[in-house]
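A.B. asks: Please take these sequences and the hints and turn them into a complete structure.
If you're matching them up, the sequences are chains A and B in order.
According to this note's numbering, the first sequence is numbered sequentially starting from -14.
According to this note's numbering, the second sequence is numbered sequentially starting from 40.
Just so you know, these hints were derived from the structure itself, not from any lab.
Each statement offered as a hint is correct.
No farther apart than 30 Å at their CA atoms in a straight line, the calculated lysine-lysine pairs in the DSSO-like style are these:
#	chain 1	residue 1	chain 2	residue 2
1	B	Lys80	B	Lys61
2	B	Lys91	A	Lys82
3	A	Lys82	B	Lys110
4	A	Lys(-14)	B	Lys110
5	B	Lys106	A	Lys82
6	B	Lys106	B	Lys80
7	A	Lys27	B	Lys48
8	A	Lys(-14)	B	Lys80
9	B	Lys58	A	Lys82
10	B	Lys61	A	Lys27
11	A	Lys82	B	Lys48
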Amino acid sequence: KQEVTQIPAALSVPEGENLVLNCSFTDSAIYNLQWFRQDPGKGLTSLLLIQSSQREQTSGRLNASLDKSSGRSTLYIAASQPGDSATYLCAVGVDYKLSFGAGTTVTVRA
Amino acid sequence: DTAVSQTPKYLVTQMGNDKSIKCEQNLGHDTMYWYKQDSKKFLKIMFSYNNKELIINETVPNRFSPKSPDKAHLNLHINSLELGDSAVYFCASRAQGREQYFGPGTRLTVT
Chain A
-14 KQEVTQIPAA LSVPEGENLV LNCSFTDSAI YNLQWFRQDP GKGLTSLLLI QSSQREQTSG
46 RLNASLDKSS GRSTLYIAAS QPGDSATYLC AVGVDYKLSF GAGTTVTVRA
Chain B
40 DTAVSQTPKY LVTQMGNDKS IKCEQNLGHD TMYWYKQDSK KFLKIMFSYN NKELIINETV
100 PNRFSPKSPD KAHLNLHINS LELGDSAVYF CASRAQGREQ YFGPGTRLTV T
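C.D. replies: This is the structure:
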């Protein structure tokens, strides 16, 4: 059974600092890995999808890496802004199914 | 245009009642999902349909019955609601090998 862990559970940083969010998973036989953002009381917004054959994906200030062999992914957010405050979820895809971590709640202080 | 939509957004009902949540996607995706997010915000898959066929049923009580009348719709019917069913239910869809898109969620409160 796939277990997905996200560390830390919460993170508070001053504006402008770079964010590093970690995700680990127990079974390396994955199809892809997806990072989401969830604002309070809202749905999930897809940030990045990394296929199992890829090592990283970038979108604007966001960069996600994937190391399948060690069961790890890292989401980097450069030059954080107060608008980046949200919960970030990592989800590992196997066949048709996504297994989610519990999320990292980020607060960026102005 | 909303890609994945759900109705209703909020649902408050009493124990023992039967209720339905509807989901529609206009993305042309083949695969649709229902997820449950509990009070601790943990997201867990419940069902997945591919081309109207059930492919994942994650040991969900049989009081929950999904129905997919066509590829664009996946509805969730819940019988005999219990207090523990209170949660936010998310619908999602995906094209093969691509990212999942989520609906805005339905907050179900059972009193």
